[in-house]
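Novice: All chains should be modelled from the sequences, with the hints used to inform the complete structure.
Number of protein chains: 2
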Amino acid sequence: MEQAKNAFYAQSGGVTAVINASACGVIETARRHPDRIGHVYAGANGIIGALTEDLIDTSRESDAAIAALRHTPSGAFGSCRYKLRSVDENRAEYERLIDVFRAHDIAYFFYNGGGDSADTCHKISQISQSMGYPVQAIHIPKTVDNDLPITDNCPGFGSVAKYIAVSTREASFDVRSMARTSTKVFVIEVMGRHAGWIAAAGGLAADENNDIPVVILFPEIDFDRPRFLARVKENVESHGYCSVVVSEGAHWPDGKFLAEQDTRDAFGHAQLGGAAPVVANMVKEAFGYKFHWAVADYLQRAARHVASKTDVEQAYAVGKAAVEFALAGANAVMPTIVRTSQEPYAWEIGKAALAEVANVEKFMPAEYISEDGFGITEACRQYLLPLIEGEDYPPYHNGMPQYVELKNILVEKKLKDSFEL
Amino acid sequence: MEQAKNAFYAQSGGVTAVINASACGVIETARRHPDRIGHVYAGANGIIGALTEDLIDTSRESDAAIAALRHTPSGAFGSCRYKLRSVDENRAEYERLIDVFRAHDIAYFFYNGGGDSADTCHKISQISQSMGYPVQAIHIPKTVDNDLPITDNCPGFGSVAKYIAVSTREASFDVRSMARTSTKVFVIEVMGRHAGWIAAAGGLAADENNDIPVVILFPEIDFDRPRFLARVKENVESHGYCSVVVSEGAHWPDGKFLAEQDTRDAFGHAQLGGAAPVVANMVKEAFGYKFHWAVADYLQRAARHVASKTDVEQAYAVGKAAVEFALAGANAVMPTIVRTSQEPYAWEIGKAALAEVANVEKFMPAEYISEDGFGITEACRQYLLPLIEGEDYPPYHNGMPQYVELKNILVEKKLKDSFEL
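Quick mapping for you: the protein sequence lines, in order, are chains A and B.
My numbering applies: residue 1 is where the first sequence begins, and numbers increase by one.
My numbering applies: residue 1001 is where the second sequence begins, and numbers increase by one.
Incorrect hints may have been included.
Unchecked claim - Mimicking DSS-like on lysine-lysine, the simulated pairs with C-alpha atoms at most 25 Å apart in a straight line are:
(1) B/K1083 to B/K1123
(2) B/K1407 to A/K256
(3) B/K1290 to A/K83
(4) A/K309 to B/K1309
(5) B/K1284 to A/K256
(6) A/K416 to A/K5
(7) A/K83 to B/K1284
(8) A/K284 to B/K1256
(9) B/K1256 to A/K290
(10) B/K1083 to A/K284
(11) B/K1416 to B/K1005
(12) A/K290 to B/K1414
(13) B/K1407 to B/K1005
I should point out that these hints are in silico values taken from the structure, not numbers from a laboratory.
What you are looking at is a predicted structure, and each value in this text was computed from that prediction instead of being measured.
Specialist: Dropping the structure here:
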């Protein structure tokens, strides 16, 4: 009989409303296989925790606490923005990781992140082999940007999309009420520096029962000021108001972001603004329309209170599948989401080789953006709608959502050397 | 037997997540008294609709549509920012209102708004009497700012408070996850130009189970840059991160808003920013901490998807009570919310004379702000918590909340003259 080995799990990059649901899937599934998996250790603050040997022993958490991860946003063990360099540049980092894995009898490496972490995961699989301590490395997809290839969509995206769609609809109702004498243009700025998936979700505010004029500024389309202003004016004249969804990545033809204004305060310091106030002021200057603007920032990706049920289920499922893949002997793979049917929507878990995932970014297909460049097509709507389907509310107490804070107890260190990042 | 008379209902000022619940309370209650109340006419875009004789016949809406107002944010009939001048300044406006009321057999005037509309409501009660066409004028409280006197709280506030408390908690979980290598300070800007009630709700993000360092910048407290920066640094050093809730009304000792930076863009145009980026940049300049900021703007007051159940119930109740007061012969009054018990929370409807409501603003009591000026006290927490208690989710279809859009059919005009605003 095989000896149980330990597993390592780490969260990478920007966190989401459902990345902890993936952690929940990993840990709950591992707990069902005590003969194969001993402890699941989580990296404190992501991969950094592996380098510094700060390993959180998830065995110390109750079943109830682990179950609560499913409805808790953010990264319960901490995440980090830390990209391992190439092996040639910094072999020491990889050797350190393997030393830590070896010291703690870790045979399974689960890395929960986006494109960069898929690449890291792939490298660790290869290097651990060449270093004589082979580790099964499985990547678990996570990104609000929805930009991983092969998988139909990325866990984390559906919930942001739902938040932006709902918020845009709600704010549009608001501005419509006020437009007769007050605000006529409302601008909301959303995430997505390179890909317009999140901005596209703003287009869901309108549908056959909600005639809401929404203008979307995608990062895929060069900003054209006169055409944009004309479109806003058209909407104000036909509907009395206009909603604008601007991606943080919206940019001028020369590539400069709208948000990068050459503004200085009274002391001459450069001011960091957002794209939303820039766009709103532009409209005001052109037509004098009163405006309001919002920047959703972290609120959008942390909004577990309005998460998509589909997203939560898929986030859990990719975590669960990662463990099942590992137990079946897979290596250097990533569970994917495969859309098997559109009407009714159905999905299943697939498997992609990391060699095909790493360093490939998926952009919005051109056929998802309307011809005028300011909206989404029916094909895009059909793609997006299932991803925001269903509600999955967290439990509340005293009017507030009850998100779990884990104990995060560290495992005793076994290596003599500390490691400088 | 009395002849049935018509009623007029109008929404005034900034709309909220629950002002339509008050409309629902008015119309549903009126429909139960067809012997006394014929039609409820709603002002298209608020009081302006009365002046221009654009009256929406709510009788043309189905019971189901009216019931759906309870879960629909914004102002279903349109609202306006239009303050009637004093009688001396513009008697013609008041005469016009009475002409319209007389032409459409309107004997009940329900005005749903804040302090200004309470004043207008009071005047209409007085003037209609002196003009020989006495109208019963009842004011229905509504304001996210929670600044009306006598009533324990204002419908509209509880839902904004819940949104800000939930969002601040969620974003704090997010920044905590990232703080090791990335964002250490998160700033969220909230509404409330004169009173810090909404900002105070950010303090609910932390509780006995959630040790979240929140610094609140109230409009009631002059901004003190060195003390603020010291407090942020303290939190980053003790917790690794810090959340800041800044009121749009936060200001320097000379009264100038933090948001009013003397910034110019490349063309020399003054830039309108928000308080959040100003505060965030200030922290960055002092300590180099990476930051993120959000401006919730309309999202906060339109967020019916995370409304407070208490708030929805109270909004409905004041609408219902307004009609009941009218039927009982009351005039120049406003239904109030009376807190009859704190533990467990209980409330009932009271009645205030408009003479005592008009032109009185209620500010945060000093004992609700912590001694250092950056947080809320236990007394404030006890005041706020019941107001965000309970969830009251709208129905969803295809992943989106189903908010009603009324037909808003106008009544045929009876007056020959049009009226220039």
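Novice: Each of the hints needs a verdict: does it hold here or not?
Specialist: Hint-by-hint comparison with the structure:
A distance of roughly 12 Å separates the Cα atoms of B/K1083 and B/K1123; the hinted pair therefore holds under the 25 Å criterion. Pair hint B/K1407 plus A/K256 does not hold up; C-alpha atoms about 45 Å apart against a cutoff of 25 Å. Annotation: proposed proximity of B/K1290 to A/K83 holds, straight-line Cα distance about 18 Å (limit 25 Å). A threshold of 25 Å between alpha carbons decides the hint, and for A/K309 with B/K1309 the separation of about 22 Å falls inside it, so the pair holds.
The hinted pair formed by B/K1284 and A/K256 meets the criterion: a straight-line CA distance of about 23 Å does not exceed 25 Å. Taking the CA atoms of A/K416 and A/K5, the gap is about 22 Å. The hint holds against a cut of 25 Å. With a CA separation close to 24 Å, the supplied pair A/K83 and B/K1284 stays within the 25 Å bound. Restraint check for A/K284 and B/K1256: the C-alpha separation of about 23 Å stays at or below 25 Å, so the hint holds.
Taking the CA atoms of B/K1256 and A/K290, the gap is about 22 Å. The hint holds against a cut of 25 Å. Our distance criterion of 25 Å between C-alpha atoms is met by B/K1083 and A/K284, whose separation comes to about 23 Å. Taking the CA atoms of B/K1416 and B/K1005, the gap is near 22 Å; set against the 25 Å cutoff, the hint holds. Proposed proximity of A/K290 and B/K1414 is contradicted: the alpha carbons are some 33 Å apart, above 25 Å.
Distance hint between B/K1407 and B/K1005 is fulfilled; the C-alpha atoms sit about 23 Å from each other, no more than 25 Å.
Checked against the numbered hints given earlier, this structure breaks hints 2, 12; the rest are met.
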